[in-house]
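Protein chains in written order, with the UniProt record's numbering: chain A, 1 to 353; chain B, 1 to 353; chain C, 1 to 353; chain D, 1 to 353.
Calculated directly from the structure, the hints in this document are not laboratory data.
Be aware that one or more of the hints could be misleading.
Which copy? The list can't say, so a pair holds if one copy fits it or any two copies do.
Said to hold, decoys possible - Within a straight-line C-alpha distance of at most 27 Å, the following computed DSSO-like cross-link-like pairs (lysine-lysine) qualify:
no. : residue 1 : residue 2
1   : K151      : K70
2   : K151      : K86
3   : K325      : K67
4   : K70       : K156
5   : K325      : K70
6   : K67       : K337
7   : K325      : K336
Number of protein chains: 4
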Amino acid sequence: MIVITSPNISEERISEIVRQIELGGVSAHVSRGVDRTVIGIIGKADPHLAEHIRSMNGVENVIKISKSYKLASRDFHPDDTVIEVKGVKIGGDNLVVMGGPCAVETPEQIDEIARLVKAAGGQVLRGGAFKPRTGPYSFQGIGVEGLKWMKEAGDKYGLVTITEVMTPEYVDVCAEYADIMQVGTRNMQNFDLLRKLGTIRNPVLLKRGFSSTYDEWLNAAEYILAGGNPNVMLCERGIRTFETYTRNTFDLAAIPAVKTLSHLPVIADPSHATGRRELVEPMTKASLAAGADGMIIEMHTDPDNSATGDGVQSLFPDQFANLLKDLEKLAPLLGKKFDTPKEPAEAFATWVK
Amino acid sequence: MIVITSPNISEERISEIVRQIELGGVSAHVSRGVDRTVIGIIGKADPHLAEHIRSMNGVENVIKISKSYKLASRDFHPDDTVIEVKGVKIGGDNLVVMGGPCAVETPEQIDEIARLVKAAGGQVLRGGAFKPRTGPYSFQGIGVEGLKWMKEAGDKYGLVTITEVMTPEYVDVCAEYADIMQVGTRNMQNFDLLRKLGTIRNPVLLKRGFSSTYDEWLNAAEYILAGGNPNVMLCERGIRTFETYTRNTFDLAAIPAVKTLSHLPVIADPSHATGRRELVEPMTKASLAAGADGMIIEMHTDPDNSATGDGVQSLFPDQFANLLKDLEKLAPLLGKKFDTPKEPAEAFATWVK
Amino acid sequence: MIVITSPNISEERISEIVRQIELGGVSAHVSRGVDRTVIGIIGKADPHLAEHIRSMNGVENVIKISKSYKLASRDFHPDDTVIEVKGVKIGGDNLVVMGGPCAVETPEQIDEIARLVKAAGGQVLRGGAFKPRTGPYSFQGIGVEGLKWMKEAGDKYGLVTITEVMTPEYVDVCAEYADIMQVGTRNMQNFDLLRKLGTIRNPVLLKRGFSSTYDEWLNAAEYILAGGNPNVMLCERGIRTFETYTRNTFDLAAIPAVKTLSHLPVIADPSHATGRRELVEPMTKASLAAGADGMIIEMHTDPDNSATGDGVQSLFPDQFANLLKDLEKLAPLLGKKFDTPKEPAEAFATWVK
Amino acid sequence: MIVITSPNISEERISEIVRQIELGGVSAHVSRGVDRTVIGIIGKADPHLAEHIRSMNGVENVIKISKSYKLASRDFHPDDTVIEVKGVKIGGDNLVVMGGPCAVETPEQIDEIARLVKAAGGQVLRGGAFKPRTGPYSFQGIGVEGLKWMKEAGDKYGLVTITEVMTPEYVDVCAEYADIMQVGTRNMQNFDLLRKLGTIRNPVLLKRGFSSTYDEWLNAAEYILAGGNPNVMLCERGIRTFETYTRNTFDLAAIPAVKTLSHLPVIADPSHATGRRELVEPMTKASLAAGADGMIIEMHTDPDNSATGDGVQSLFPDQFANLLKDLEKLAPLLGKKFDTPKEPAEAFATWVK
């Protein structure tokens with residue numbers, strides 16, 4: 001940590017700042033410049049010492065030069081984390097594709113979509129049973145029943161399952177029926193939820209808050225890791241900017257950037273990041289090229305008649321299958337393996353758009 | 001709702017869109033333009049019909065022209081809502097000042113600050129017992145014990161109390177000890193928390209999410225109102241932008257804008273919006289001029305040595321008292337009453353910065 | 001300037017960094033921390049040395065602790081700058097109101113509006129003769145002819161005039177007919193225009209770029225000041241954010257913030273910042289309370305039929321006059337003088353909305 | 001265009017709005033909804049009619065449903081535009097790589113970098129002779145002399161050249177020495193510059209303003225096209241957001257999005273978009289996958305000692321060469337050709353980092 005003083009600060013004030021730093025149990029190193037004095041803090045300072053010093057008279061700024069997260073940092077854990085769930089590896093040189101509907105609607109719907117995800121070469125089935133909704137009058141998901149239907153479909157086709165959990169009370173029931181727990185963008189800083197997820201061992205997919213910095217995102221991951229659950233993957237799903245043509249602005253550079261800062265796997269969500277079906281295919285390929293360890297993609301057998309909201313960004317089954325075939329060709333050139341079995345086009349014939 | 005079609009769409013496709021609209025239980029009104037056809041939807045459409053129609057081929061856009069919230073809308077409730085709590089009125093032509101520390105630290109600290117808030121003319125004592133923290137290693141608040149100390153101080157000096165509640169489980173205990181429940185910026189879309197707050201009758205101060213639109217903010221209020229709790233006030237606390245000199249960008253125009261859209265009282269938070277002590281005084285006056293129904297201001301007897309983080313934006317007691325005296329002079333010129341008893345400067349002498 | 005090294009950097013690399021710093025003609029002060037070494041740069045470094053050092057291997061970050069602008073800085077010039085033009089003072093404890101249409105349309109229109117601005121107590125007549133337009137097919141202003149009409153109206157009613165200049169070639173002709181040169185938000189970093197404005201002595205009103213930081217804004221002012229023109233005032237006109245209800249987000253805290261960083265006068269533009277007539281009155285008062293030295297407000301005798309685009313945010317003459325009367329009452333409580341002669345309501349009777 | 005009225009508007013007011021629309025030379029189509037009336041405007045309305053109608057009492061909103069640009073629109077020109085300059089094709093299924101230093105420094109520097117760009121397989125040499133600088137005290141470029149050195153290097157190695165032009169006066173001299181004119185992000189809405197560029201025939205690379213929408217960007221292109229110059233290519237170089245780890249936020253989805261809206265080629269600038277050397281390689285590949293028609297990449301033989309500012313984001317020659325080899329492998333899988341001659345690694349041996 002570095003303390004930058006105001007211009008022309010008195011020696012007395014400098015001594016007081018040094019005294020306060022030392023009361024914090026660390027040592028101070030004073031270096032006088034032409035118009036400002038800089039005080040380096042040596043040793044691991046308590047997290048709120050920075051705020052305390054910043055608030056002192058004569059202090060212009062305090063700059064943290066060590067990261068506030070530890071377990072999530074690559075400094076702490078140089079090798080890529082590889083999470084294994086039911087034989088599916090996430091991280092390292094593996095590429096994982098998660099596909100499925102925005103929301104589970106009926107047992108038949110989720111069973112058929114699961115069949116198609118598997119046939120296309122996907123490894124994970126996504127589906128929401130509880131849906132976060134901006135307004136109280138929108139469809140809120142069908143609850144636990146939907147989790148059971150998704151589990152049956154996942155078991156039947158040998159797919160790992162992922163679903164969103166929105167509040168601490170639901171963590172146990174979601175963890176009973178689904179394999180991976182998804183934390184949505186609105187809950188990235190729901191700290192009680194993060195703490196609860198630290199107490200289980202199911203892998204957690206932590207979506208980036210739609211206006212969170214990389215630092216806040218990795219600190220949110222730190223809550224889960226610090227709780228004892230090492231199985232955390234990050235998910236870039238777009239941030240909020242002034243541009244409204246796309247649903248969000250897909251911050252694809254976050255993928256290689258966060259992978260340099262952290263050892264955790266990073267998944268891309270081109271469906272929510274763009275909000276437009278026609279952009280999902282190019283942006284899925286772009287996220288692979290940017291270094292993503294996987295993608296979570298919305299696919300629906302009848303998006304035009306999906307009653308749950310996100311049909312506009314869902315791929316048709318044949319689009320999904322063709323995209324995965326392209327990923328299979330691109331992956332080896334980009335240092336990834338994606339050699340899951342894939343059925344021929346006929347398998348999707350009934351669903352061609 | 002208005003449906004805008006793609007250029008050169010076929011009559012068949014238009015008929016199909018109309019059919020889907022009518023299946024939604026509303027009627028359609030087709031109007032052909034030079035390059036596009038526009039279909040007006042007449043009647044109250046189900047919330048997800050818009051998404052469904054938007055996802056259809058041949059549809060370029062669907063525009064909602066009615067608001068998605070009802071109870072929070074001024075169309076629904078033309079008169080200002082005035083919330084009364086322990087004789088303090090919030091809304092209408094009343095001005096309310098909420099003051100206190102970021103966090104409750106000791107019984108003595110909160111008692112002394114309560115005395116100073118009252119002496120300065122404030123009506124509400126703020127203080128956090130549970131603190132949301134970006135990183136898991138920061139001070140997290142001292143919990144229920146702090147709520148008890150704050151309640152004692154509030155009762156002793158005749159102040160209404162407000163504290164932040166972060167998760168549904170804590171709503172009941174917070175409501176037992178504090179008068180007003182604060183929802184923080186990170187929880188504005190914690191929908192289970194909002195639903196739970198709809199089941200109590202304590203007033204709720206709903207802070208705007210740091211990158212939430214007015215529409216999302218009012219929809220969040222709608223969750224609480226729809227649950228049966230009519231006592232909701234909104235709080236503008238700054239949004240996140242590219243500017244980093246201030247902690248946030250204080251969107252002061254949100255105050256008159258939201259008051260035209262809604263009948264709910266709007267409180268300003270100049271402390272968090274600016275994050276800089278020297279900006280709190282001018283921005284508090286500016287928020288009064290913009291039409292705020294009150295302000296929530298951080299004040300501390302020893303901000304430079306506060307261990308809880310936000311000292312840098314806390315006023316000293318004498319600054320706080322002088323600011324409230326200025327508000328008393330300005331209020332009548334701006335259509336507000338703020339004639340609470342205020343003690344002379346001597347009362348703050350021991351705390352002059 | 002402070003150089004922060006990567007963790008575990010070699011002594012050789014540190015020596016090389018120090019050598020490069022010293023080649024830059026300044027001295028280095030090395031201070032070793034637990035996980036990083038910090039090198040303080042002592043003396044005034046050449047502006048691009050920071051970039052050079054930042055690009056070296058082993059350097060994690062370089063932090064500038066002195067400001068990059070000098071003439072615009074309050075460190076350099078502690079007292080408020082007061083600009084005087086034709087007897088009107090801008091800055092210090094003076095309040096100036098600039099009013100008028102978005103664009104000059106006819107000699108009669110600008111003459112009548114000038115009469116109303118004067119009658120209301122305004123000191124400066126605004127009006128655009130050259131208009132920046134997002135698209136090439138919109139009204140682009142009527143050019144030099146409009147400047148002449150505005151000059152006649154200004155002379156007739158004893159008003160200072162301000163108009164926007166968009167390109168270096170037009171600076172001389174604009175300076176011949178108008179008193180104050182306005183630089184629009186899109187041109188804040190049109191450096192050739194800024195340089196040209198540094199060569200004249202007319203006061204310049206420099207609007208903030210709609211996504212410029214305070215630092216970039218003050219550096220843009222520095223271009224004009226460095227050219228030899230000391231008469232620069234800043235104008236906050238809103239920044240671009242995700243919120244679309246208002247035309248821009250009015251960053252009102254920029255006013256007191258920039259006034260602490262700089263001695264230059266700061267003018268507020270509530271018309272463009274909000275883009276909504278009903279928000280102009282509260283936000284004008286709020287900008288006074290925030291410490292603005294003046295406001296530039298759009299007023300039109302027939303905004304509903306103005307052909308030039310911004311009618312939606314223009315006040316009617318009587319609204320403008322009533323607002324200025326309110327400013328006259330508020331100003332003394334906020335440390336400003338605004339005692340210009342103001343005619344009674346009858347003067348605006350024919351223009352009551 | 002669609003006009004949405006306020007709730008409960010009178011028939012008289014509706015008639016007046018219709019009258020105003022018809023005065024605008026277009027026809028109106030009234031459709032009454034439950035709480036609002038919608039008026040469709042049929043025919044091509046004058047650009048400022050929308051603003052005029054929006055400003056009328058009783059009008060809540062006016063929505064443009066046709067685009068404000070024409071020549072830049074794919075509706076107008078369905079096929080991809082392919083720009084040919086000195087035998088290099090830009091657009092369609094061609095991939096073009098532009099490489100070179102931020103700024104031209106010496107004849108030797110630009111000659112050697114030109115040799116390396118050609119050897120790596122690049123087709124265009126970039127280099128700035130006039131540099132836009134945030135502050136007046138930074139290196140401003142060496143001017144026309146630099147253009148001559150770059151032209152010599154381009155001619156010698158058979159490379160097309162591109163350089164930034166910042167003001168209308170310099171267009172002619174830049175067009176005399178360089179092939180492609182670059183408009184920087186700060187000048188995207190420097191309308192006089194755009195108009196001047198419409199009068200020449202050199203291709204123009206139009207960088208997106210760092211907080212401009214797609215619509216504003218395409219309208220800026222429209223200025224050049226409307227002036228008669230059809231050779232416009234767009235360049236995504238990152239937008240400004242709250243995230244500061246990267247220099248900008250690379251809005252990669254803008255590439256496929258803008259290509260659906262427009263027929264113009266789109267070039268990606270991973271160097272400025274990320275501002276970090278280590279992110280340039282993955283983001284260059286990602287931009288190819290997203291559908292970019294080319295990339296403009298900073299490369300320098302000695303970035304650590306470049307005196308011009310952007311060394312931190314410049315690739316070393318061997319990194320640049322290896323990246324182009326990877327692009328050659330990826331291109332065919334992504335529908336692009338990039339089969340320029342490329343020399344073996346030895347050619348870059350002297351410059352291995």
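Quick rundown of the hints versus the structure:
{"no.": "1", "hint": "K151 <-> K70", "result": "neither (35 Å within a copy, 38 Å between copies)"}
{"no.": "2", "hint": "K151 <-> K86", "result": "within (13 Å within a copy, 52 Å between copies)"}
{"no.": "3", "hint": "K325 <-> K67", "result": "neither (40 Å within a copy, 36 Å between copies)"}
{"no.": "4", "hint": "K70 <-> K156", "result": "neither (40 Å within a copy, 44 Å between copies)"}
{"no.": "5", "hint": "K325 <-> K70", "result": "neither (38 Å within a copy, 37 Å between copies)"}
{"no.": "6", "hint": "K67 <-> K337", "result": "neither (32 Å within a copy, 43 Å between copies)"}
{"no.": "7", "hint": "K325 <-> K336", "result": "both (14 Å within a copy, 18 Å between copies)"}
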